[in-house]
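A.B. asks: Single-letter residue listing:
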Amino acid sequence: MSETLSGADMLVRALQDEGVEYLFGYPGGAALHIYDAIFKQQKVEHILVRHEQAATHMADGYARATGKPGVVLVTSGPGATNAITGIATAYMDSTPLVVISGQVPTSQIGTDAFQETDMVGVSRPVVKHSFLVRDCAEIPRTIKTAFHIATTGRPGPVVIDVPKDITDPAITAPYDYPEAISLRSYKPAKRGNGRQLRKAARALAEAERPIIYSGGGVVQGDAGPALTRLAHRLGAPVTNTLMGLGAFPGDDPQFIGMLGMHGTYEANMAMHHADVIFAVGARFDDRVTNNPDKFCPNARIIHVDVDPASISKIINADIPIVGDARSVLEELDALVEAELGKRPERPAAAAGKAWWGQIGEWRDAYGLDHVMKPREDGVILPQQVIQSLYRATGGEAYVTSDVGQHQMFAAQYYKFPEGRRWINSGGLGTMGFGLPAAMGVQFAYPKATVACVTGEGSFMMNMQELSTCLQYGLPIKIICVNNQALGMVKQWQDMQYSGRHSQSTYSDSLPDFKTLAEAFGHLGFRIDHTSDLDAAMDEAFSAKLKDKVVFVDVWVDPDEHVYPMAIKGGSMRDMYLNKITTSQQGDYM
Amino acid sequence: MSRRVLAVLLENEPGALSRVVGLFAQRNYNIETLTVAPTEDPTLSRVTLSTDGSDQKIEQITKHLNRLVDVVKVLDLHEAACVERELMFVKISAQGADRAEVKRTCDIFRGQIVDVTATAYTVQLTGESGKLDAFIRALDRSAIIEVVRSGVSGISRGEKVLSA
Ligand SMILES: Cc1ncc(C[n+]2csc(CCOP(=O)(O)OP(=O)(O)O)c2C)c(N)n1
Ligand SMILES: [Mg+2]
Chain A
1 MSETLSGADM LVRALQDEGV EYLFGYPGGA ALHIYDAIFK QQKVEHILVR HEQAATHMAD
61 GYARATGKPG VVLVTSGPGA TNAITGIATA YMDSTPLVVI SGQVPTSQIG TDAFQETDMV
121 GVSRPVVKHS FLVRDCAEIP RTIKTAFHIA TTGRPGPVVI DVPKDITDPA ITAPYDYPEA
181 ISLRSYKPAK RGNGRQLRKA ARALAEAERP IIYSGGGVVQ GDAGPALTRL AHRLGAPVTN
241 TLMGLGAFPG DDPQFIGMLG MHGTYEANMA MHHADVIFAV GARFDDRVTN NPDKFCPNAR
301 IIHVDVDPAS ISKIINADIP IVGDARSVLE ELDALVEAEL GKRPERPAAA AGKAWWGQIG
361 EWRDAYGLDH VMKPREDGVI LPQQVIQSLY RATGGEAYVT SDVGQHQMFA AQYYKFPEGR
421 RWINSGGLGT MGFGLPAAMG VQFAYPKATV ACVTGEGSFM MNMQELSTCL QYGLPIKIIC
481 VNNQALGMVK QWQDMQYSGR HSQSTYSDSL PDFKTLAEAF GHLGFRIDHT SDLDAAMDEA
541 FSAKLKDKVV FVDVWVDPDE HVYPMAIKGG SMRDMYLNKI TTSQQGDYM
Chain B
1 MSRRVLAVLL ENEPGALSRV VGLFAQRNYN IETLTVAPTE DPTLSRVTLS TDGSDQKIEQ
61 ITKHLNRLVD VVKVLDLHEA ACVERELMFV KISAQGADRA EVKRTCDIFR GQIVDVTATA
121 YTVQLTGESG KLDAFIRALD RSAIIEVVRS GVSGISRGEK VLSA
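Sequences listed follow chains A and B, in order.
Residue numbers for the first sequence follow our numbering, so the first one is 1 and each next one is one higher.
Residue numbers for the second sequence follow our numbering, so the first one is 1 and each next one is one higher.
Any given hint could turn out to be false.
[Claimed, not checked] Far from chain B by the CB rule (all over 12 Å, computed), these chain A residues:
#1 Pro174
#2 Asp307
#3 Pro511
[What the hints assert, rightly or not] Taking lysine-lysine and the DSS-like style, the derived pairs with C-alpha atoms no more than 25 Å apart in a straight line are:
#4 A/Lys373 to A/Lys447
#5 A/Lys546 to A/Lys568
#6 A/Lys190 to A/Lys313
#7 B/Lys160 to A/Lys187
#8 B/Lys73 to A/Lys313
#9 A/Lys514 to A/Lys68
#10 B/Lys63 to A/Lys199
#11 B/Lys63 to A/Lys313
#12 B/Lys73 to A/Lys190
#13 A/Lys447 to A/Lys313
#14 A/Lys190 to A/Lys144
#15 B/Lys63 to B/Lys73
#16 B/Lys73 to A/Lys187
#17 A/Lys294 to B/Lys57
#18 A/Lys353 to A/Lys199
#19 B/Lys63 to A/Lys187
#20 A/Lys144 to B/Lys73
#21 B/Lys57 to A/Lys313
#22 B/Lys131 to B/Lys103
#23 A/Lys199 to A/Lys144
Keep in mind that the hints were calculated from the coordinates and are not lab data.
Note that CB positions come from ideal geometry on N, CA and C, so glycine has one too.
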């Protein structure tokens with residue numbers, strides 16, 4: 001005999017049955033029946049945020065750190081539209097979210113009722129799928145299906161829009177939570193095609209200048225260890241995208257850094273000169289490839305992705321493989337082992353010698369150490385902030401970031417030991433992501449060290465969540481790389497608009513972040529000299545302040561640029577290396 | 001660039017068609033014609049849409065359509081032999097001497113006159129889109145009062161079927 005429950009109770013019960021720990025949300029009229037059902041139970045903990053955008057980023061941070069879906073509850077109208085930026089952020093980076101939005105009663109839909117927004121319509125381009133619930137009896141199956149879709153294949157956000165009458169406590173229906181869901185129209189691929197895998201193994205074993213280019217799909221697919229095994233077997237250099245950092249250990253000698261717009265010189269050069277590119281869980285984003293017509297002219301491309309639509313979207317793949325990253329990497333490793341066994345005269349390590357020699361030369365010439373020049377006058381460079389953070393945390397922190405120069409410096413200078421440690425908005429580039437994402441991570445791992453690397457501009461886009469940090473005792477360490485400007489915008493204006501800083505500076509009107517943090521009940525430090533940097537960082541991460549939010553406001557050189565930087569319209573080897581040098585090969589510009 | 005016809009089998013769910021149409025707008029693909037109706041299985045709808053693009057673009061469109069959760073199957077009808085037809089009604093001014101001429105043109109194209117008034121004929125014509133275009137061209141432009149076309153519907157020839 002199944003129980004009979006109201007729609008609101010069913011909804012909360014389904015979340016319990018789904019094993020949801022946290023529900024990040026904010027109440028309002030259309031969601032009040034659901035909020036009442038939440039009040040009556042203990043299993044799912046509701047986290048009251050201060051802005052719905054932050055709820056979605058928190059759920060997203062939780063999802064990225066754990067691999068489990070993040071769950072959000074908002075009211076109709078403004079609650080729903082406030083959640084859109086976070087939903088789009090999750091969509092672009094393929095993270096699993098289930099977003100439940102209240103809606104006006106069914107009878108009022110379409111009447112421009114108070115707080116009515118067509119949430120299914122507004123969210124349509126930025127969700128993996130969405131539902132409008134039409135009957136309370138549909139709730140268990142709808143929720144099960146939403147979780148199934150959000151978490152399988154290429155993950156993504158799913159919206160469930162729930163009109164208020166559907167959750168009416170007076171209307172009940174039988175509750176049975178389905179064990180599993182099978183949809184005839186949705187069957188994500190798991191294993192790669194055997195023939196393609198064998199072709200790929202042969203190409204990799206025969207490559208003279210191979211490179212492994214891995215992305216967020218390897219992190220999402222928990223395929224880091226499988227990737228590392230294959231890379232070690234091949235002895236090939238590994239580069240990661242902004243989203244893929246950590247999937248291959250940042251301190252491994254085979255790691256040559258991030259690639260793309262602000263990738264390392266050696267990674268971008270190695271891509272350009274490779275004869276075989278093994279791309280896995282990466283999507284040849286325009287921030288990676290630069291001009292697709294000039295992309296890696298001599299390379300055969302093997303492309304592994306769960307999403308067939310990612311393959312050959314930008315760059316044609318010679319050996320496309322549709323499948324789950326982990327399953328493909330594991331199968332490929334065995335095949336590569338066999339292929340290498342057939343070629344005893346040319347073991348992988350020896351074949352790569354010349355290639356590694358070349359990569360070493362690139363690194364010695366223009367590696368990251370070359371592009372940063374510490375100043376003698378004690379003015380802190382933003383890169384030094386990240387180096388200090390890395391040192392103080394022993395490389396063991398979960399690091400979230402916002403968007404801008406500080407994000408790129410964090411990606412370049414913090415060496416992540418494994419996937420899910422580096423959490424940032426790569427696809428949408430959402431300023432304001434960092435703090436709430438860090439809070440989501442801290443909820444998932446209460447004992448872990450969680451640092452949010454932010455810029456003063458980005459931080460001010462969601463700083464109200466400092467209040468939520470106090471409420472739930474989340475001891476986030478906020479490292480603000482304060483360059484008193486929208487630094488990344490200013491850098492582009494320096495480089496492309498003759499230094500006309502249109503609307504990118506505000507140094508005369510910044511708040512005092514130290515007292516701001518204190519006003520929210522936290523601790524604040526302010527540092528502006530290299531001699532104080534390490535000590536302040538050590539104190540922020542000391543055992544003594546383990547339970548405190550610490551805001552470390554580090555004033556840095558406002559004129560520093562992020563280098564290398566891709567030269568627009570060029571190939572991957574075309575980069576600005578500092579304010580005066582480019583690697584340009586002279587075939588255009 | 002060539003004109004292509006895609007057949008899409010879709011869950012007959014509210015919102016499913018808007019996802020298909022939205023995809024085309026969002027990804028900057030063109031929809032030339034679109035027809036949709038439930039199939040013999042009322043839980044499924046079948047969409048036929050015509051678009052244009054290179055092979056590579058059509059492949060991308062197909063992949064993105066397949067990615068939609070409501071889409072059960074997609075078939076590029078031009079990949080193999082297929083039959084395509086379109087239905088058109090044309091209201092044509094037909095008076096005096098012209099009246100007989102309109103009737104003759106209609107007969108040549110095997111059109112059917114489905115409605116008659118003292119001053120106009122309404123002609124129904126079925127065929128490949130090219131034939132419909134030719135009929136329009138054969139008429140005196142100033143005589144055309146109103147045109148309505150259904151858009152292409154298509155089915156593959158032989159054994160090949162599109163089913164769930
Ligand atoms: C919501 C949002 N609005 C605008 C932008 C465009 N944008 C990219 S970086 C940037 C500047 C960020 O400033 P800050 O957070 O101080 O970081 P910095 O670059 O100075 O390190 C801006 C405005 C964005 N990415 N997100
Ligand atoms: Mg700044």
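A.B. asks: Decide, hint by hint, whether the structure agrees.
C.D. replies: Cross-check of the supplied hints:
no., hint, in the structure
1, Pro174, "holds, 23 Å"
2, Asp307, "violated, 7 Å"
3, Pro511, "holds, 39 Å"
4, A/Lys373 to A/Lys447, "violated, 36 Å"
5, A/Lys546 to A/Lys568, "violated, 44 Å"
6, A/Lys190 to A/Lys313, "holds, 20 Å"
7, B/Lys160 to A/Lys187, "holds, 22 Å"
8, B/Lys73 to A/Lys313, "holds, 20 Å"
9, A/Lys514 to A/Lys68, "violated, 35 Å"
10, B/Lys63 to A/Lys199, "holds, 23 Å"
11, B/Lys63 to A/Lys313, "holds, 10 Å"
12, B/Lys73 to A/Lys190, "holds, 19 Å"
13, A/Lys447 to A/Lys313, "violated, 42 Å"
14, A/Lys190 to A/Lys144, "holds, 20 Å"
15, B/Lys63 to B/Lys73, "holds, 10 Å"
16, B/Lys73 to A/Lys187, "holds, 11 Å"
17, A/Lys294 to B/Lys57, "holds, 20 Å"
18, A/Lys353 to A/Lys199, "holds, 24 Å"
19, B/Lys63 to A/Lys187, "holds, 14 Å"
20, A/Lys144 to B/Lys73, "holds, 23 Å"
21, B/Lys57 to A/Lys313, "holds, 9 Å"
22, B/Lys131 to B/Lys103, "holds, 17 Å"
23, A/Lys199 to A/Lys144, "violated, 39 Å"
Hints 2, 4, 5, 9, 13, 23 from the earlier list are contradicted by this structure; the remaining hints agree with it.
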